[in-house]
Every structure is written in C-alpha cells, then in structure tokens.
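Undergrad: What follows is the residue order along each chain.
There are 2 protein chains.
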Amino acid sequence: MAPATPTDGLRRVAMEAVTPEIDGGRFPAKRVVGETVVVEGDIFTDGQDALAAVLRYRHEAATRWIETPMAPLVNDRWRGEFPVTELGRYVFTIEAWVDHFETWSRQLAKRLAAGQDVRLELEVGARMIEETAARADGTTADSARLRELAKSLRIPNPHPAASPPTSPASGEVNGELTTLMRRYADRAQATTYAREVEVFVEPQKARFSTWYELFPRSTGPAGKHGTFKDVERLLPEIGRMGFDVLYLPPIHPIGRTHRKGANNKSAQPGEPGSPWAIGSEEGGHKAVNPELGTLADFRRLVKTAAGEGIDVALDIAFQCSPDHPYTREHPEWFKHRPDGSIQYAENPPKKYEDIYPFDFETEHWRGLWQELLSIVLYWAEQGVSVFRVDNPHTKPFAFWEWLIAELRRAHPEAILLSEAFTRPKVMYRLAKVGFSQSYTYFAWRNTAYELYQYFTELSQPPIRDFFRPNLWPNTPDILTEYLQTGGRPAFQARLILAATLGASYGIYGPPFEALEGRPREHGSEEYVDSEKYQLRNWKRDPSMSELVGIVNHIRRENPALQSDRGLRFHFTENEQLLAYSKSTPDNANVILTVVNVDPHHVQRGMVNLPLEELGIEIDRSYQAHELISGARYLWNGPRNFVEVNPQSMPGQIFRFRRRVRSEHDFEYFL
Amino acid sequence: MAPATPTDGLRRVAMEAVTPEIDGGRFPAKRVVGETVVVEGDIFTDGQDALAAVLRYRHEAATRWIETPMAPLVNDRWRGEFPVTELGRYVFTIEAWVDHFETWSRQLAKRLAAGQDVRLELEVGARMIEETAARADGTTADSARLRELAKSLRIPNPHPAASPPTSPASGEVNGELTTLMRRYADRAQATTYAREVEVFVEPQKARFSTWYELFPRSTGPAGKHGTFKDVERLLPEIGRMGFDVLYLPPIHPIGRTHRKGANNKSAQPGEPGSPWAIGSEEGGHKAVNPELGTLADFRRLVKTAAGEGIDVALDIAFQCSPDHPYTREHPEWFKHRPDGSIQYAENPPKKYEDIYPFDFETEHWRGLWQELLSIVLYWAEQGVSVFRVDNPHTKPFAFWEWLIAELRRAHPEAILLSEAFTRPKVMYRLAKVGFSQSYTYFAWRNTAYELYQYFTELSQPPIRDFFRPNLWPNTPDILTEYLQTGGRPAFQARLILAATLGASYGIYGPPFEALEGRPREHGSEEYVDSEKYQLRNWKRDPSMSELVGIVNHIRRENPALQSDRGLRFHFTENEQLLAYSKSTPDNANVILTVVNVDPHHVQRGMVNLPLEELGIEIDRSYQAHELISGARYLWNGPRNFVEVNPQSMPGQIFRFRRRVRSEHDFEYFL
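In the order they appear, the protein sequences are chains A and B. For what it's worth, the working numbering labels the leading residue of the first sequence as 74, then goes sequentially. For what it's worth, the working numbering labels the leading residue of the second sequence as 74, then goes sequentially.
One chain only, chain A, in its complex shape (with noise of 0.2 Å):
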C-alpha cells in the first residue's frame, strides 16, 4: 500500500524565527497603547517564486481581523506593523502565498529585455488575469475592468516582433493590474503561521514612570504618627518634582506578636511595628491602619493624587502577622509544625517569626487564590491602579499568570511591579507571566563596565519584549554600598543614571533627599534607623530636591528617555565615563548622557559618537545642549572632548541641536 501524502502538500511557503514571540507564543510580548508592534519573520518558499505576505491582527475584543502588507527586508526577512490603541490583548498572525502574478511579471520584464517573443508569456499572463477576474466576481467592476485588462494582454498582430507590446506588459506590470490581481489573490494554498501570537497592551505608564517611595508614618508633624492626609499635603510637592507614581508600604493593621522595634530589635511598647507583618485584630489585607486614618482618607489620598497626576501605588505584599484574622479563619493556608503552631517564615539559620508565609502548597490553594485575588480587586475597587508586589518570587508562577490576567480582565489599566530580587531566570519569568515592571540589579551595577553589560543585556530581544526594568537607586532594603561611600556625588549619579538608563525608574525618596548614607553596621546595606520600624524626621538636602526635579523635568521633555528601546552606548576612552544615548525612532529627540562612575576624582574622557546613526550632519558643526546646567557646547565631527568634575556634578545630559547657524546661513551667502 502507497504511504499516506499530507493533507497540505501544495501548501509551498515556510514561515520561521517570528518576532515578537516570547518562548515560541507561551508568552505575550507587551506594548503600551500607542505604540506600533513590528512584526517580523523569515518567510521563504523554494525555488524562485515571487510570494506575498499579509499581518492579520485584531484585538481580543474584536472578532474580525484586520490586514496589514507585509515587505521583504533582505535575506527573506519580512516585516510589517500594526498600531495598538486600546488596553488587553492583541493577536496576530501571518499569511504568505506564491505570488504567480508577481512572479510572471517579473520574468516577462526580463524576457522582454532579452527581446525574447513573449506572445505566449502574454496568453499565460491573460489566462491569470481572468482567473482572477472570476473570482471577483463578486463586485462586478472589479471583474469585468480585470476582464479587459487581460484582453489587453493579447496582441492581435501575429508579428510580434513587429508590434512590441504594450503597456501593461511593457514589463512594467504596476499600479491598477498589480492592485487588483493582489486584491484577488488565490490564497487557497496560503500558509497561515502555526500560531496567533499575543500582544498585551498595558497603560502609556507601564513603559515611562517616575516612581516616589516614602512611609506615611514619618510624614506627621514633630514626631506624630503620619496620617494619610499628611501625605495629601505633600503632594503638589511630590507633583511639582515631576514625580507621578506615589508608593507606599503596606498601609494595613500591623500585628503585635513578635513585632519588631527600632533597628529590628524585639518592640518596644508604643513601637510601631513593620508594615509588612500584616494584619492584627483590626483586620488584614483589605483593612487600614487605624494611625493612618480611615478608607475614606485613603480614598480621597488617591483622588487628590489622581488630580496631580499622580497615582498612589500599594505594597500588595501576600503574607501575615501571627495577628492576622486568616490565621483563626483559615488555618489551612498555613503550613503547621509537629507541635501544631504555624511555621514562620525562615531563611535557615534566620527566622523571621513576625511573618507567617502562605502555605501554596496546601490543598486548599484554590480558595486562597480566590481570597488573594479578592484583595487586589478590592483595592483595584478603590481607585488602585498601580501595584508594587513585594517578593512575587516566593509565591508560584502559575498563581501569578492567574490573578494577573484575572485582574486585567476587571481592570485591564493595572500595572504592576516585580519586586523580586532573586535570580535572573526567577525575575525574567515573573515578567513573562505578567508583571509590567521589574526591580533590577541595577543598586549593585556600579561601574560603567558592569552598567553597559546589564543593560545591553536587557535591550536585547526577546528580553526587552516582556521585561521592563525599573531603575531604583535605593530602596528601603538598599543602601548600597557606594551610596554609603560616595557622598552627594554618589547620590547625584545614581539618580541620572536611573533616570536616563530607565525610562521607568523610582526613589526612596526622603532618605535619598537627605542623602542618607549610614548603615545599620557595617556590611549591612540596611538603613540606621530604618524607617521600617521607627519614625524619622528627614532632612532633605535643598540642592538634592532641586537636581531630582530638574532631572524629572527633562524626562518629561524629551521623549527619548520615555522609552527603553534606542539605547545606545559609546566609547569614551577613559573606564570611569560612561557615556550613552537615547533616540526616538525618528532621531528627532536625542540625548546623551555622560556619567563619571567614580566619586571621588575628576575624570576626563573623548565621547565617540556614531552620528549618522544618530541623525547628525557629519560634516557641520552641532550645539551639545548640557540640560542640568543649561551650558551649551559646540560639537564637531563624532569624538568630543568632555570633563566630568563630580564635585561640581557628576553626570551631563547633553540634547543635540544638530543645526547651528553658520555664515552659509546669512543671507548674504544664500
């Protein structure tokens, strides 16, 4: 017996290598409303056949699928490009076929210039062409103007060589024929790509964010417990800074059992505990802290906020005080020890018995999923829409993919940070099953070698197509150790780093202002003091304020920092300079950054830039507009001299103005 053929044998056209797909489709890519998805793929067929290729896109919502041409780069890549414009998901896909019209008009070109009797060439083209015609039957003016444009093709003169064809077939088979025979192509052997890839789109936010961390509980007055409407006072301040993602740390009852005091020492009374040791007989996760104020000072906290432009993020950090209601309600959700108590959270030899982790492995995981759900749907309820999620490493992934894509489909506006800082794969994953940001490794990227590893790594594809990295020079879990050493030029590069590295990036901001640098001991990168378990009265340091408003001032400016795609690094001669540019598509908007890494010593450098690729007359001289300062230079050719005094400041944000008047421009000479 004959083996069995397949079903799709004449079905010619490979598709290979698409872009964005994220683990072979597992995954969404994620774009921001308004951005343009590039789709590209190898698309090829044997032999010489010319072949066509269209983008089928459509969002989730929408159940016809819209149609995109696809062009030929080179090396049988293609490309084409949707827009998104709303929230959720897009799918698209893409379909190829062999062109035979396209591929007989390119050869009746050659045949022609070869001067070769095409009358036969021509009977084939008109016996394409009222094939099609038949299928457009449909919509008659098409098929019958198809009809005469294939009479057309055949020559009644039986001399060919005497009367030379005319146009169409003139070997410039273009314009109404080609639109026509592409508009009723045979795709009945089309190949169709083996899957619908997805696109999420989130918020213009998910992408460009300038984040702002402080603790409610110092923001009273002369050593009062801070309230949520302590906070409402300080945010036009917060707004003028440029600052429009507000973060607090848990805002919950505290529990009592085993709270910790000053410099994590066992409470004393009159303490106020850890935000993070959640809950206590005033309630849990969906309760407020009663020193803060009421969910009706929240509420308005928010709305006040959303009036500055700002929106207040909450800590939704899943675990609970040994006070906690679900302990009593819900027992099950905790893992027990032989002597029937509820194990601690513990990183062996350390244990941490103000926390209870969630047990996911109990079997009663699905009513808490739903509970935990319930909880970010019920803050979502009251006006939050950005959420930084404390150590989403620690709990499945699976879990995650859910409530995210569980929230998303009440609340597709939501943004949500990773806060994990574990291992590369760990926090790579947590963003492939939804997160819109990261926390990063970038407190501890201090040298400029170490700065441009991590960060081409990260703009490379696939990894720029889910992760988003926000840039985070201190948290309340950091101080590094080259804030600790550096003084205020540690603190000033650290900030334009992240603001210029990053187009999402956040401070701690309080400390950061006081240019808080003190350990809790030595080798520790936790605060003295910490804010985690103490009030403090900060200090803020005027011209620190200042420089972060300034900074602030120019992302908000320049649309290149407003987007991680277009960084660019640039060699600089002297290890210390780091130099790198951000460009919008266009190379309308260019900036350079020039960071001296070291703290301690002036550092001098030649920036080498690529200017064609940066859109830069070569030829001409170009202005460096330095923003910080308002210094502006004049540039000629790609190597630039540029000197870095990190007592005066530490980095240079040079924007390009890339005409500069010359002679040439007096009339005189025009």
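Source of the hints: derived by calculation from the structure; they are not laboratory data. These numbers were taken from a predicted model, which means no experiment stands behind them. Check the hints yourself; a few may be wrong.
When chains are identical, the list treats them as one kind, so a pair holds in a single copy or across two.
[Unchecked claim] Calculated lysine-lysine pairs in the PhoX-like style (CA-CA distance at most 20 Å, straight line):
#1 K278 / K424
#2 K376 / K302
#3 K423 / K183
#4 K408 / K498
#5 K408 / K423
#6 K183 / K338
Based on the hints, put chain B in the right spot on chain A.
TA: This is chain B only, laid out in the frame that chain A set:
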C-alpha cells in the same frame, strides 16, 4: 462568581530554553549512532526550594521510557545526557519536581551549624520519610528501611542540647537515605516538559564521510565510453586514497530532444548529452543508461564497492528530458503552455529546453509524490543507501519532509546530501526537513576571515544540531576563481581546508587531481570542455593524488577530524593565515590546522593557542607533529611561530603530543 482557577496550580516548576530543540520542537535534532545527546534546560521554581529533575528518553520503537538524572550547572541551568545506539527516531522529555526532602536536608545542615534546637525539624524530616515509606510499600525492604531511618531521627533524649542528633541527621543526609528518598519521591506535582523533543539518529557516515565524484563516462579505455565495469576497476585505488563514498552523476538513459553537446552547445550526433537530462525511449529514473551497462552491472558495482568500504551514492534529480516516458504517461505532472507544449525549465531569460521540471502544484501531486518516492525506494532496494539530491530547493519542503520520512521508515540507514546552492534560510530548512548533509558556501569562502565567519556560524547551536556541512572545493558546476588563478597551491590549500574544516568533504576527483583550472570562458565557473557534456581523458597529477591520500589517512587516524564539534579558531597575527583546531571532547586527540590562504606568497605568523582548553600543560614543552610532512616541532607556551610557503605546501596539520620528555623524565631525576 469566582473566576476559575487552573487545574495545575500546584505544579511549581518552570522549564525553558531546552536544547537541543529545533524551532520549538518542530524539527528533530540530528545525531549518529554511538553519540551522546546532551540535554540542557533552564529549570527553576519560586522560592528557595531544592529541585530534582530527570531526563526521560526512548527510541520510537520502544514503549518504555528510560530515566536518567539531570544535574544543576549554574544559573538554573540543568544538564543530563543519554546515549543513542539505534538508527531512527528518539524522543526525550524532562520531568522535574520540588524536592522537599532535599530542601529540608540542606536547611537542617544550616540550622545545626548555627547551633539551633532542631527537635521539631527532625520530627518534620521523620514524617517526610514515613510518608515516603508509605509510597514505597510495594517493595517492603525499602519501606521497612525507611521507617527505621525515620525512627532514628526521633531523639529519645528530652534535652536536645545535651544530645547532638546522630547521623544521618548530622547535616550529612547522604548515601542510603538520599537514594531511597529520591527513588520514591512524590512526583504528584511534578512538571513534565511541554513537548516530547525528537532526535533523529543516522549512521556514523552521516557525520563523517569522504566523497569522490566521477563521471563513469570518462573511465573507459582510450576515448571509449566508460561503463560500470570500468568504474569497478577503479575502486581499489579510490579506497586506497581513503574515500568511502563514490558519487556518480545520474546513471539513467539520456534524452535526445534538445540534447546538449560539448561546452553546452547543441549536441552533434554521437555526443553523450548531459546525464541530468534524464529519460529516453530506453526508460526513465528506474532505468540504466545502456552505455554504462546493465542493472546487474550496477548492482555488482555497488556490491564490490561495499567490499572496499565504499558506498556508491546515486544522484536523485527529479526532472525529465522531453523524451522521458513520464511526459507521455503522466502529462498531468507537468505544466503546460498555452500552445499545449510542456513548459521547459528556465530562469528567464535563460532557457533549458532539454529539461522539463515537474509541476509540484499539479492537482495530481499525490500521484507524483508516490512515484518519486518509488524511485528512491527502487534504488534503495538495489543496495544504494547514499543519495545526492540535485536541486532540492526547487521542490516543496513538505515534499522532502514526507519523502525522507517514508524512505527512512523502510531504510533508516539512508543518507541524503542536499545539493542546494541557494539562500541560507532555504538551505537550512532543507536540513531541518531531513537531509543528512548539505553542500555549503565553502567553495566561495576563500579568505581567512570569510572562512572564520562562515564556520563560526555553522558551529553555533541550533544550526550545528540540524545542518551537517559537506565541503566541496570543486564540483562539475563549480570551478572557483580561486582554483582558476591559484595554481597547485590553491588546490592543495582547498583540499586541506575542506578535509580538516569538515567532518564530511568531497572532491570532483579527476579534474581536481589533474589540477584542472581552465574555465569555459573568462568570468565563468564552468569547466572548459565540461565532462557534463562530453568524455574527458584526465591526466591526474601524482603528487596531488598522493596528498589526497595522505590527508584522508590523517582524517581516519584522528577522531577530532571526524566531527564538526570542537572546532575553535585561533588568532595568527596574520590575516592570510587561518588557524583552527578540532579536538575530541576529552582532548585525547587535538589537531591544529594552519593554512596560508594566499597561494602566491610565503606567510609567517604566531599561532595563539588556548592551551588549557586544549588540555595542554602550560608549563611544559609540547610536540607539534606536522602530519603531512612528518616534521616534529617543539613548542612552548601559547604563542608559537609558523611559516607557510605555498610553493612547498600551503597547509600544515599538527597533532599535539602533549608530553615531551625532559631531563626530569630520566630515572636520574625520579
């Protein structure tokens, strides 16, 4: 209503980036019998729990999976391996789970080191062991032993500080307990990799083969048309020269209509025509050209060759002369012009009127496919297992994927060489759909940098896992400018390059040995008086033939040259000198080749070797034994001088003898 939770919320392990896997599992990776398949994957989970992972594999003919453990490397990457001992398809997958006992065991060690009270922890461990004992119940000995071990963890002494826990809880939970706990691990929540990944296993000759091409027509005595019997007489010599595949152009009857004569002119009476114009009244693809002999003669040639260790490779050229029986019996397999004639082959404006291509878009494609398969099966039944496939890139990929799979169902030993000189992605696709080996761009890569670039590309994964290069310095269609202008040194250099860069290589032998470098016309890569259209009387250059034999002998003696893995390029400080090494995985055999790609001048340079990677002791001299000349050099350190005079020999092949005796080796010193 609460949103549905997924069914597998307890499966915590993620798997990514599994290798070898071609295009997300769409195509099999390739190996040969006797090799080891090294499988790697990123395997990780949330949190800090320990993991266990196993690789599962089986031959397609086996119903039971075999399991072998995987071990962690760094950065969440795991590795396992399995041997492939049979021809045909293997599949593998990965299973991984959270290993709670291992987590417990690691943490216990830390707790003990910190001097903590571990009574409760020992009870936790004892319970885990008891649960495992319950799972092991079928095999009572293990079960009982586990219960004993659990018991030993329960400390009778109520004062734990006074009685440190005894082994196996001493922080070294190893040996017996670990083995038993792994054997009966709870895999209820294990993650299995999403796919069964395929590996296709071929004969060793698919990886390591040495090809000799000749036209039987020219093997006759004194101008007479050669026959299979004449070829048979040449076999001992071809075998002595070290070739193990003898490839013959098509052996079928040759068409008369539009037959091509000498130098591609119209044939005069008596001219033999091109063997690729297949089919005449004497038969088609299953017939033998009577001028060469009978089918019985051919079968005897195949058998005699096998006795010399040589496979006769047939040319599969799926196209017809106008006289082929198919053109009458199956006109539906061809494309017809408006005047009713069959469409000949063309690449406008060039016409090849002696060749009719099949129309793979015919609605009768199923019958065509079956017939073409029957041709290959027919020759396989005559004892042929190696096929050189002519222009596979002008037939659909789906056709080849089907044909090769069907051929291998009956003949898993079949080896197919793809003769596709076309765009890179098309060549790679043909390899993916099943061709064992592929012609390459080698002939046109003549500078050291071109060779470095191209062979670096070919040795990267995933390309190296599906594309096996077969390097040809010349073919009947390719006489490169380098050979035309470089004289004897060019032929020698290209031979040495092909034989040492490629585990498989071949020469179109007689003209190569005759140093034939004359093109049909300036700018052409066609031979003058090409054997494709006429008989030739080749005058082999004895020293060239001798070099071929020496080089092939070196290949047979040195396993490093029998695989394309283990290729490394080395900096020479001279752009005309290309240096590279190949080594076996254990470095037992290390071969360094240095070729002067400039056929006209002596070139000198310093070869920079990574001694440690090559397994050469850094602090001792080592011997570089040049295998062509037999000369032995004493080298020292990573940087050694080479001088290559193309007039004597443009390439050198060194084998390193690692241990050079010194005075320390005399008994006197011992």
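Undergrad: Against each hint, give a clear statement of whether it holds in the structure.
TA: Evaluated hints:
1. K278 / K424: neither (38 Å within a copy, 61 Å between copies)
2. K376 / K302: For K376 and K302, only the intra-copy Cα distance (12 Å) is at most 20 Å; the inter-copy one is 96 Å.
3. K423 / K183: between (79 Å within a copy, 10 Å between copies)
4. K408 / K498: neither (27 Å within a copy, 54 Å between copies)
5. K408 / K423: Intra 18 Å, inter 79 Å, cutoff 20 Å: intra-copy only.
6. K183 / K338: neither (86 Å within a copy, 23 Å between copies)
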